[in-house]
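Those protein sequences? They're chains A and B, same order as listed. Start counting the first sequence at 1; every next residue gets the next number (the UniProt record's numbering). Start counting the second sequence at 1; every next residue gets the next number (the UniProt record's numbering).
Please keep in mind that the hints were generated in silico from the structure rather than gathered at the bench. Accuracy of the hints is not assured; some may be wrong.
With the Cβ distance kept under 10 angstroms, some of the chain A side facing chain B (calculated, not the full set) [as the list claims (entries may be wrong)]:
(1) R5
(2) I61
(3) P71
(4) R76
(5) I78
(6) G86
(7) V100
(8) V106
(9) R126
(10) S134
(11) D160
(12) R263
Quick reminder that beta carbons are idealized off the backbone N, C-alpha and C, glycines included.
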Amino acid sequence: MIEFRRVTKQFPDGTVAVEDVDIVMPPHKTTVLVGSSGSGKTTLLRMINRMVDPTGGQVLIDGMDVATQDPVQLRRGIGYVMQNSGLLPHRKVIDNVATVPLLRGVGKREAYAHALELLDTVGLDRSLADRYPSQLSGGQQQRVGVARGLAVDPNILLMDEPFGAVDPIVRAELQQELLRLQGELGKTVVFVTHDIDEAFLLGDQVVIMQQGGKISQAASPAEILAHPADDFVADFVGADRGKRALHVTEVDGRNVVVDADGRPAGVLTS
Amino acid sequence: MNWLWSNLDLVGELMLVHLALSVPAIILSFVISVPIGWLAHRYRWSRGVLLSLCGLLYAIPSLALFVALPPITGLSLRSPLNLVIALTLYGIAVIVRTSADAFDSVEPDIRQSATAVGYSAVGRFWGVELPLAGPVLLSGVRVVIVSTVSLATVGAVIGVPSLGSLFTDGFQRGIQAEIVTGIVATIVLALALDWASVLIGRLLLPWSRPSASARRLSVARVERVDAA
Ligand SMILES: Nc1ncnc2c1ncn2[C@@H]1O[C@H](COP(=O)(O)OP(=O)(O)O)[C@@H](O)[C@H]1O
Ligand SMILES: [Mg+2]
Numbered sequence: 001m002i003e004f005r006r007v008t009k010q011f012p013d014g015t016v017a018v019e020d021v022d023i024v025m026p027p028h029k030t031t032v033l034v035g036s037s038g039s040g041k042t043t044l045l046r047m048i049n050r051m052v053d054p055t056g057g058q059v060l061i062d063g064m065d066v067a068t069q070d071p072v073q074l075r076r077g078i079g080y081v082m083q084n085s086g087l088l089p090h091r092k093v094i095d096n097v098a099t100v101p102l103l104r105g106v107g108k109r110e111a112y113a114h115a116l117e118l119l120d121t122v123g124l125d126r127s128l129a130d131r132y133p134s135q136l137s138g139g140q141q142q143r144v145g146v147a148r149g150l151a152v153d154p155n156i157l158l159m160d161e162p163f164g165a166v167d168p169i170v171r172a173e174l175q176q177e178l179l180r181l182q183g184e185l186g187k188t189v190v191f192v193t194h195d196i197d198e199a200f201l202l203g204d205q206v207v208i209m210q211q212g213g214k215i216s217q218a219a220s221p222a223e224i225l226a227h228p229a230d231d232f233v234a235d236f237v238g239a240d241r242g243k244r245a246l247h248v249t250e251v252d253g254r255n256v257v258v259d260a261d262g263r264p265a266g267v268l269t270s
Numbered sequence: 001m002n003w004l005w006s007n008l009d010l011v012g013e014l015m016l017v018h019l020a021l022s023v024p025a026i027i028l029s030f031v032i033s034v035p036i037g038w039l040a041h042r043y044r045w046s047r048g049v050l051l052s053l054c055g056l057l058y059a060i061p062s063l064a065l066f067v068a069l070p071p072i073t074g075l076s077l078r079s080p081l082n083l084v085i086a087l088t089l090y091g092i093a094v095i096v097r098t099s100a101d102a103f104d105s106v107e108p109d110i111r112q113s114a115t116a117v118g119y120s121a122v123g124r125f126w127g128v129e130l131p132l133a134g135p136v137l138l139s140g141v142r143v144v145i146v147s148t149v150s151l152a153t154v155g156a157v158i159g160v161p162s163l164g165s166l167f168t169d170g171f172q173r174g175i176q177a178e179i180v181t182g183i184v185a186t187i188v189l190a191l192a193l194d195w196a197s198v199l200i201g202r203l204l205l206p207w208s209r210p211s212a213s214a215r216r217l218s219v220a221r222v223e224r225v226d227a228a
C-alpha cells in the first residue's frame, strides 16, 4: 500500500507542483493519476521512488516513510516504465531487461534466463533479445520497457504515460495487454495518463488532478461518473456530453443506448 | 624519389618517434578532458570558466608554450616529455568543448530513466553517460589526432626530433624531396591514426550506427504525431 499524507512539493524556483495531497493507493490495484499537462502527475509519481523528495508531508510504502530509505536501493525494488520507453540505447534488449537484476547482484546466467522469460510474459518474440532498442517499433520498445519494469518482480510498478507516444491502435493493444498482465500479476500499479478514457479503462481507482497539483476527486470510474465531485470533474470526464451522456430509446421493443449525438452505443440486456 | 629510397630507414624511424610523441599526448588529452568536459556539462558556472580557460590555452602560440614549459616542469627544452606535455595541453584545449557537448548530447530522458531503475550516480556515469557520450567524444578525438600529429612537427624547431625534422633539415640543405616526404609522411600518419580511432570506435560503440538512422526515424515519427 502506498500512502500520501499531506504531501506538498514546491520546486526551488517556487513552482508548487503538488499541494497538500492525501491519497491511499491500495495494494494489488491499479491507481491512475489523470489530469492535464502540468497538473503534477509526474511529480506525484516520482515522490514514490524518491526521484523527487516532498517539501512537506510524508510518502509511506507499507507504513514505512520512503524518506528513511536509501533512494538507490528503494528504486531497485520498484518497477518504473516511462514514455518513450527510457531504454538504454547502447544496450541490447536482453541487457536492458536484465539491467536491474544485474545491478542488484543477481548472477548473469540467471538474470538473462529470467529476462528471456519476461519477453514471453510481455508478448515479445525471443528473437528480439539481441537487437538494440532503436531496431524495434515504438510498441515493441514499450513492451521491453514493461518487461524491464517487471524484472525484479517488484510489488510496485510506476508507469508514467507509458503508452503516450504510440499510435492509437498499438496503444489499445498495449492497454489490453496491461489489463491481462495485471490480472495475472496483481501488482500495485500507479499509472499516469492525461487520457480520461485510458484512466477509466485501466484504473480501479482514478485520481483526477487539477492545475496546482491538487486532487479533485479520487474514486472508482463508476463513482466518478455517478457523482462527479465538482464542475471541474464533470467537465473533465465529459459526464454531460458526447459519448458519456447516454440515454435509452426504445427501438422495436428493445432498449437501445445512444449518446448525446444520437449515435447508438449498445443495447440494454436487462 | 631517390632521396626517399636511400633514406627509408630514417623516415621509418622518425615516424616511430613521431608516433611516440603524439599517441601519448592524444590519449592523455582524451583522458584528462573527459572529467573536465563532464564538469563543464554538469554546472552552469563551471562551463563558462572551464571553456574560457581552454580557449585561452589554445590561443598561446605553440613555440611560446614549448619554451615556457621547461621552467615550470623542470625539464630540458629538448626533452620529448616537454613536447608531450605541451601537445597534451593543446589537445585538451581542442577537445574539452566537444567533450562537454558529448555529455550534453545524452538525452535527459535516458539519464532519468537510468536513475529511476536504480543506477547510482557513479554507476550511471560509467554505464550510461560515458558510453552514450562516446560518439561525440570520438569525433573530438579525431580532431585531436589530426591537430596533434601536425603540431608535433613544430618540435623540430626546438630540437625535438620528429617527422618535422625532415622539414627543418630539408630547408637547411635545400632538399625538396625531403620536405615533401615530411609532409606526406605526416599526413599518412594522421590518416592512419584517424582510421584506427574510427575502428576502435566501431568496436566499442557497436550500437551507435544503427541507432543514428533509427533516431532520424523516431524523430520523423514524433513529428508525425505532433502534426496529427
Ligand atoms: N524540476 C522542476 N523544477 C521546477 N518546476 C518543475 C520541475 N518539474 C516539474 N515542474 C513544474 O511542476 C508542475 C508539475 O509538473 P509535472 O509533475 O511534470 O506535471 P505533469 O506530469 O502532470 O505534466 C509544472 O508546472 C512543471 O513545470
Ligand atoms: Mg508528466
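Hint by hint, here is what the structure shows:
1. R5: violated, 23 angstroms
2. I61: With a closest approach of 15 angstroms, the A:I61 hint is violated.
3. P71: This interface hint holds because 9 angstroms falls under the 10 angstroms limit.
4. R76: Holds. Min distance 3 angstroms.
5. I78: Nearest chain B Cβ about 8 angstroms off; hint holds.
6. G86: OK, holds: A:G86 within 10 angstroms of chain B, min 3 angstroms.
7. V100: The hint holds - A:V100 has a Cβ within 10 angstroms of chain B, the shortest such distance being about 5 angstroms.
8. V106: violated, 13 angstroms
9. R126: violated, 20 angstroms
10. S134: Given a least distance of 3 angstroms, the restraint on A:S134 holds.
11. D160: It holds, given that the least Cβ distance between A:D160 and chain B is near 9 angstroms, below 10 angstroms.
12. R263: violated, 23 angstroms
Of the numbered hints given earlier, the model fails hints 1, 2, 8, 9, 12; all others are met.
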